[in-house]
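Colleague: Protein chains in written order, with numbering that gives the first Met the number 0: chain P, 0 to 97; chain C, 0 to 308.
Possibly wrong hints are sitting among the right ones.
Keeping only pairs whose Cα atoms sit at most 27 Å apart, straight-line, the calculated BS3-like set for lysine-lysine is [to be verified]: (1) P:19 <-> C:87; (2) C:87 <-> P:42; (3) C:30 <-> C:159; (4) C:205 <-> C:194; (5) P:20 <-> C:205; (6) P:20 <-> C:96.
DEER-style ranges, computed between Cβ atoms [claimed, not checked]: (7) C:104 <-> P:85: 50 to 58 Å; (8) P:18 <-> C:4: 43 to 51 Å; (9) P:33 <-> C:147: 53 to 61 Å; (10) P:30 <-> C:53: 18 to 26 Å; (11) P:33 <-> C:97: 44 to 52 Å; (12) P:36 <-> C:118: 24 to 32 Å.
These are calculated hints, taken from the structure and not from any lab test. Every residue gets a Cβ at the ideal spot worked out from N, C-alpha and C, and that includes glycine.
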Amino acid sequence: MLPITVEFSGGAELLCGNVKKHEVELPKLDGKWQIRNLLVWIKDNLIQERPELFLLGDTVRPGILVLINDADWELMGELDYDLQERDRIVFISTLHGG
Amino acid sequence: MDAIVQQIGLKNNCTFCGVFRRQALDRGAMKLGATKIVTGHNADDIAETVIMNILRGDIARLRRCTAITTGADGYLPRCKPFKYAYEKEIVMYAYFKQLDYFSTECIYSPNAYRGYARTYIKDLEKIRPSAIIDIIHSGESLSVKKDVKMPTQTVCSICKFVSSNEVCKACVLLEGLNKGRPRLGIGKTHKERRKWEEDLAQEASKLSVESAVPGGGRGCSQACHQDDVHRPASNGCSNGADVAAADDDDDVIGGLDDDDDDVTRGGGRKSGCCGTGGGNCEKTQNDKKMMLPPAVVLAKTTMRNLLDF
Numbered sequence: 000m001l002p003i004t005v006e007f008s009g010g011a012e013l014l015c016g017n018v019k020k021h022e023v024e025l026p027k028l029d030g031k032w033q034i035r036n037l038l039v040w041i042k043d044n045l046i047q048e049r050p051e052l053f054l055l056g057d058t059v060r061p062g063i064l065v066l067i068n069d070a071d072w073e074l075m076g077e078l079d080y081d082l083q084e085r086d087r088i089v090f091i092s093t094l095h096g097g
Numbered sequence: 000m001d002a003i004v005q006q007i008g009l010k011n012n013c014t015f016c017g018v019f020r021r022q023a024l025d026r027g028a029m030k031l032g033a034t035k036i037v038t039g040h041n042a043d044d045i046a047e048t049v050i051m052n053i054l055r056g057d058i059a060r061l062r063r064c065t066a067i068t069t070g071a072d073g074y075l076p077r078c079k080p081f082k083y084a085y086e087k088e089i090v091m092y093a094y095f096k097q098l099d100y101f102s103t104e105c106i107y108s109p110n111a112y113r114g115y116a117r118t119y120i121k122d123l124e125k126i127r128p129s130a131i132i133d134i135i136h137s138g139e140s141l142s143v144k145k146d147v148k149m150p151t152q153t154v155c156s157i158c159k160f161v162s163s164n165e166v167c168k169a170c171v172l173l174e175g176l177n178k179g180r181p182r183l184g185i186g187k188t189h190k191e192r193r194k195w196e197e198d199l200a201q202e203a204s205k206l207s208v209e210s211a212v213p214g215g216g217r218g219c220s221q222a223c224h225q226d227d228v229h230r231p232a233s234n235g236c237s238n239g240a241d242v243a244a245a246d247d248d249d250d251v252i253g254g255l256d257d258d259d260d261d262v263t264r265g266g267g268r269k270s271g272c273c274g275t276g277g278g279n280c281e282k283t284q285n286d287k288k289m290m291l292p293p294a295v296v297l298a299k300t301t302m303r304n305l306l307d308f
């Protein structure tokens with residue numbers, strides 16, 4: 000079991016029933032937990048509506064920022080980052096206004 | 000906005016929202032005695048606007064949208080200081096500084112045109128992050144050929160605020176909403192007006208007892224053929240003479256003169272025509288009173304109740 004925190008912000012919380020912070024326990028997996036399979040897990044368990052606004056293919060929709068422990072995920076390996084206990088993953092939507 | 004969307008539907012209401020919001024901003028700023036309006040448009044917004052205006056061929060807006068200050072010689076210039084700041088930077092800044100961040104979704108126009116431009120730009124950004132700034136740069140470098148017709152800044156004849164046409168867009172939209180012709184102001188205004196006048200003329204011919212006299216009103220059509228004067232539909236002559244409106248289109252498309260509204264179209268000429276086509280003769284005024292379309296608008300739309308949303 001892997002306890003982590005998943006947060007949504009910038010409008011992305013609207014896709015999860017308006018709940019910004021989710022303390023979750025990821026079930027045991029044969030392989031390792033990476034962002035890659037975390038995204039699928041989130042889509043199946045946390046996203047309540049319009050999953051196409053969150054996920055595009057096997058990565059997040061362009062325009063959604065991902066922070067791993069307050070660092071940009073591009074610095075941490077993006078989809079290949081291995082999740083550790085008590086990591087904090089934040090998804091911020093940047094698509095607004097105009 | 001709810002009332003407007005009830006009339007217009009889920010498409011084309013961006014025009015109403017944008018125009019009225021900006022007008023409200025202008026009027027509010029004037030009341031407060033402000034000297035400048037500063038908005039938070041960021042690099043992504045500007046890039047989206049450039050792409051949108053290219054796709055729609057809107058030369059007038061294309062020139063204006065990349066300027067960091069617009070209307071500098073007017074009474075209330077507008078400025079976009081975040082023009083070169085990426086939306087990503089702004090969001091990260093707000094997040095790390097723990098600023099109060101709220102975002103709501105627009106419920107009125109889920110398939111807005113801007114959404115498509117936005118998706119495109121976000122995909123481009125993924126491949127080449129500098130794409131956004133590059134698009135802004137190309138927008139700035141665009142120069143328009145000299146013989147392209149550009150709108151000149153004048154004053155609206157109804158509300159007396161700055162406008163690029165004789166009647167400003169907000170007044171056109173309001174008129175459309177109040178008279179039950181909500182599509183006036185969306186798309187080609189002069190076509191919509193002509194259609195409106197056709198409908199009115201049809202009503203007039205049903206109500207009128209006089210029989211049509213061919214050729215009797217020839218003088219009427221000549222007098223109406225005034226290319227450069229925009230005539231609000233209420234001045235249209237009810238005897239069916241067409242009131243010409245050259246390029247009534249508020250979205251001025253540079254270089255294209257929308258000449259497809261044929262001015263010398265006939266229509267049933269009635270006898271007793273005063274020949275001026277100014278719409279001021281007693282007959283026209285009486286006809287107008289009788290044939291206003293049944294009230295479809297819930298209440299007279301004014302700036303006051305628009306601000307209540």
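Colleague: Measure nothing beyond the straight line between the CA atoms of residue 19 (chain P) and residue 87 (chain C); if it is 27 Å or shorter, mark the hint as holding.
Modeller: OK: residue 19 (chain P) and residue 87 (chain C) at ~19 Å, within 27 Å.
Colleague: Taken at face value, is the distance from the CA of residue 96 (chain C) to the CA of residue 20 (chain P) at most 27 Å?
Modeller: Holds, at about 18 Å.
Colleague: For the pair we were handed, residue 205 (chain C) and residue 194 (chain C), check the Cα-Cα distance against 27 Å.
Modeller: 17 Å, holds
Colleague: Note whether the CB distance of residue 33 (chain P) and residue 97 (chain C) lies within 44 to 52 Å or breaks it.
Modeller: Once the Cβ atoms are compared, 29 Å apart, the range 44 to 52 Å for residue 97 (chain C) and residue 33 (chain P) is violated.
Colleague: For the pair we were handed, residue 87 (chain C) and residue 42 (chain P), check the Cα-Cα distance against 27 Å.
Modeller: 23 Å, holds
Colleague: In this structure, is the beta-carbon distance linking residue 18 (chain P) and residue 4 (chain C) contained in 43 to 51 Å?
Modeller: 29 Å, violated
Colleague: When you take the CB atoms of residue 30 (chain P) and residue 53 (chain C), is the distance between them in 18 to 26 Å?
Modeller: 47 Å, violated
Colleague: Look at the Cβ atoms of residue 33 (chain P) and residue 147 (chain C) and judge whether their distance stays inside 53 to 61 Å.
Modeller: 55 Å, holds
Colleague: Checking one constraint from the list: CA of residue 30 (chain C) to CA of residue 159 (chain C), max 27 Å. Satisfied?
Modeller: 16 Å, holds
Colleague: Note whether the CB distance of residue 36 (chain P) and residue 118 (chain C) lies within 24 to 32 Å or breaks it.
Modeller: Given about 26 Å between the Cβ atoms, the range holds.
Colleague: Residue 104 (chain C) and residue 85 (chain P), beta-carbon distance inside 50 to 58 Å?
Modeller: Cβ of residue 104 (chain C) to Cβ of residue 85 (chain P): about 32 Å, so the range 50 to 58 Å is violated.
Colleague: Would you mind confirming whether the straight-line C-alpha gap from residue 20 (chain P) to residue 205 (chain C) stays at or under 27 Å?
Modeller: 67 Å, violated
Hint check: violations occur at hints 5, 7, 8, 10 and 11; the rest are consistent with the structure.
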